[in-house]
Amino acid sequence: MAINEETVKQVAKLAKLEIGEEDILTFTKEMDSIIEMVEQLEGLDTEGIEGTYHGLNEHNVWREDKAENGTDREDLFKNVKTHKDGYIEVPAMFDNGGSEA
Amino acid sequence: MNFLDYTLEELHDKLVSKELTAVDLVEASYKRIEETDEQVGAFLALSKEEALQAARETDEKGIDPNNVLSGLPVGIKDNILTKGVTTTASSKMLEDFVPIYDATATEKLKEAGMISVGKLNMDEFAMGGSTENSAFKLTRNPWDLSKVPGGSSGGSAAAVAAGQVPVSLGSDTGGSVREPAAFTGLVGVKPTYGRVSRYGLIAFGSSLDQIGPFTRTVKDNALVLNAISGHDPKDSTSYSGETPDFTDGIDKGVKGLRIGVPKEYFNEDAKETGVIESVRNALKLYEELGAEIVEVSLPHSRYGIPAYYIIASSEASSNLQRFDGIRYGYRSENVSSLEDIYVNSRSEGFGLEVKRRIMLGTFSLSSGFYDAHFKKAAQARTLIRNDFDTVFEDVDVLVAPTTTTTAFEIGGKIDDPLAMYMSDILTVPVNLAGVPSLSIPCGFSNDMPVGMQIISNHFDEQMMYRVAYAFEKETDFHKKKPAFKGGE
Numbered sequence: 001m002a003i004n005e006e007t008v009k010q011v012a013k014l015a016k017l018e019i020g021e022e023d024i025l026t027f028t029k030e031m032d033s034i035i036e037m038v039e040q041l042e043g044l045d046t047e048g049i050e051g052t053y054h055g056l057n058e059h060n061v062w063r064e065d066k067a068e069n070g071t072d073r074e075d076l077f078k079n080v081k082t083h084k085d086g087y088i089e090v091p092a093m094f095d096n097g098g099s100e101a
Numbered sequence: 001m002n003f004l005d006y007t008l009e010e011l012h013d014k015l016v017s018k019e020l021t022a023v024d025l026v027e028a029s030y031k032r033i034e035e036t037d038e039q040v041g042a043f044l045a046l047s048k049e050e051a052l053q054a055a056r057e058t059d060e061k062g063i064d065p066n067n068v069l070s071g072l073p074v075g076i077k078d079n080i081l082t083k084g085v086t087t088t089a090s091s092k093m094l095e096d097f098v099p100i101y102d103a104t105a106t107e108k109l110k111e112a113g114m115i116s117v118g119k120l121n122m123d124e125f126a127m128g129g130s131t132e133n134s135a136f137k138l139t140r141n142p143w144d145l146s147k148v149p150g151g152s153s154g155g156s157a158a159a160v161a162a163g164q165v166p167v168s169l170g171s172d173t174g175g176s177v178r179e180p181a182a183f184t185g186l187v188g189v190k191p192t193y194g195r196v197s198r199y200g201l202i203a204f205g206s207s208l209d210q211i212g213p214f215t216r217t218v219k220d221n222a223l224v225l226n227a228i229s230g231h232d233p234k235d236s237t238s239y240s241g242e243t244p245d246f247t248d249g250i251d252k253g254v255k256g257l258r259i260g261v262p263k264e265y266f267n268e269d270a271k272e273t274g275v276i277e278s279v280r281n282a283l284k285l286y287e288e289l290g291a292e293i294v295e296v297s298l299p300h301s302r303y304g305i306p307a308y309y310i311i312a313s314s315e316a317s318s319n320l321q322r323f324d325g326i327r328y329g330y331r332s333e334n335v336s337s338l339e340d341i342y343v344n345s346r347s348e349g350f351g352l353e354v355k356r357r358i359m360l361g362t363f364s365l366s367s368g369f370y371d372a373h374f375k376k377a378a379q380a381r382t383l384i385r386n387d388f389d390t391v392f393e394d395v396d397v398l399v400a401p402t403t404t405t406t407a408f409e410i411g412g413k414i415d416d417p418l419a420m421y422m423s424d425i426l427t428v429p430v431n432l433a434g435v436p437s438l439s440i441p442c443g444f445s446n447d448m449p450v451g452m453q454i455i456s457n458h459f460d461e462q463m464m465y466r467v468a469y470a471f472e473k474e475t476d477f478h479k480k481k482p483a484f485k486g487g488e
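Protein chains in written order, with full-length UniProt numbering: chain C, 1 to 101; chain B, 1 to 488.
Mixed in with the good hints there might be a few duds.
To be verified - For lysine-lysine, the following BS3-like pairs were computed, each having C-alpha atoms within a straight-line distance of at most 30 Å:
id: 1; chain 1: B; residue 1: 271; chain 2: C; residue 2: 29
id: 2; chain 1: C; residue 1: 16; chain 2: B; residue 2: 271
id: 3; chain 1: C; residue 1: 81; chain 2: B; residue 2: 137
id: 4; chain 1: B; residue 1: 234; chain 2: C; residue 2: 81
id: 5; chain 1: B; residue 1: 137; chain 2: B; residue 2: 61
Simulated from the structure, these hints should not be mistaken for lab results. Predicted model, so just to flag it, every value in this text is computed and none were measured.
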């Protein structure tokens, strides 16, 4: 096994996902076989090879420092579920935040 | 009126001669959708009112005789933003998301006069090879309704194959245009990375994603790529060099060209021998037409799948962090704290495959695994890229099968993620290297279309189209029509 249930739970926490107790076993098995597959890379000699992190070899793309109109504020709120006084509304951040969710 | 009977240039001529109007074409598209989409399931949303309005305006203004795309209907994959028209990426996460701007590719098609008739089904966030990962519906292959249309751009492929639209746009991160094109007997293109702006394409693997067209013929495809290509100040990874006319020199033939045949792409033990046989027959034809066939090697091909799944998933895990339930997208009702918004919205909003990829990516980027996974995959990517650079010193194009099999049964691989991943084995190296590739129908196996991949060097799409066109001119695979057989 490349990974176990504990690792899956830990990774889910990092990814802000919850894997239900009833799914954790199947999920771990699938993840394990996928990770085993990607670890075929261990057999490849990459000593001294620089990694490729971009699709195109262009660096430092500049544009003129010129002010332009941004997106209309009202438009930006069109897909927001709840907003109030020009702010996005979310539940209280702290347990005793004092405002309703 | 069936779009399967005409090329874009033929439709254009009919518009110019006023034999048909743009309204006729848009209405014909909706009629065909009405007749066939209950079986095929390509479209998620139709924008009938807007499309007919745009068509009427086009007719009033008159068709531009110098602009071949003017007044023609098009379908757009649902991960490409369309202002005012719901764009979901086939995810519950974006079920009610209405973009406030157009993707650059959408905008460019509109500028060229094309009329979007609706949005096309796909695997959720473009993750998958069968379109079965859509949160909303199943899309079926018009050639055999019991089979998948491929993915992730399965709706885009099925819509053109079923004659609902003459053109559609898809996106290709690891084969998501080419595989469905192969499975449905179409021409599908993954342009060079940077050729088409990614602005307004819902990001999956940002260093791999490219938008590309589905058409029935090679020249049609080049005409659409002409319209959507070019530098975009809104996408700093878009190519700042020249955009040539991709139809220039398309008819020059293959005499004297050197066609490389990568031996790693021809698994002679393959279960479905008809695929390789069809491609070998095509190579014979190329030889008769005067091309020189040379066996070449891309020695790091076998590392394509592991490197791709690490890189694409890592980029996805980072890109999909934006779906936090706050600014837009699905928000769980079951929340009592801010943390709940994040975790519950994501857990309820994302489908299983998307979660798998986010998990794999998060794992590959986590401390302790970064070097062995992400860094190692990036190094493998360099070696894969070098393989292509080396062979292109010697040959003009590479020709290989697009997929190892023809379209598989619905339900055939969906419970086995690894088997589904392996079906990308012949397409992912191209995305890792960034080179362009086109899939063209080259035969039939088990009564299903076979796709042949033509890969050319960075920013040399002209060569890719030229070699494809030479084949198409001598064959009639692109003229075959689907049977709509099988299904439930």
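Hints and how they fare:
1. A hinted pair counts as satisfied when its Cα atoms are at most 30 Å apart, and residue 271/B with residue 29/C qualifies at roughly 27 Å.
2. Between the alpha carbons of residue 16/C and residue 271/B the distance comes to roughly 41 Å, so the proposed pair goes past 30 Å and is violated.
3. For a cut-off of 30 Å, the pair hint linking residue 81/C to residue 137/B stands: about 25 Å separates their Cα positions.
4. With a C-alpha separation of about 27 Å, the suggested pairing of residue 234/B with residue 81/C holds against the 30 Å cut-off.
5. Between residue 137/B and residue 61/B the alpha-carbon distance is near 38 Å, which puts this suggested pair outside the 30 Å criterion.
Violated hints for the displayed structure, listed by number in ascending order: 2, 5.
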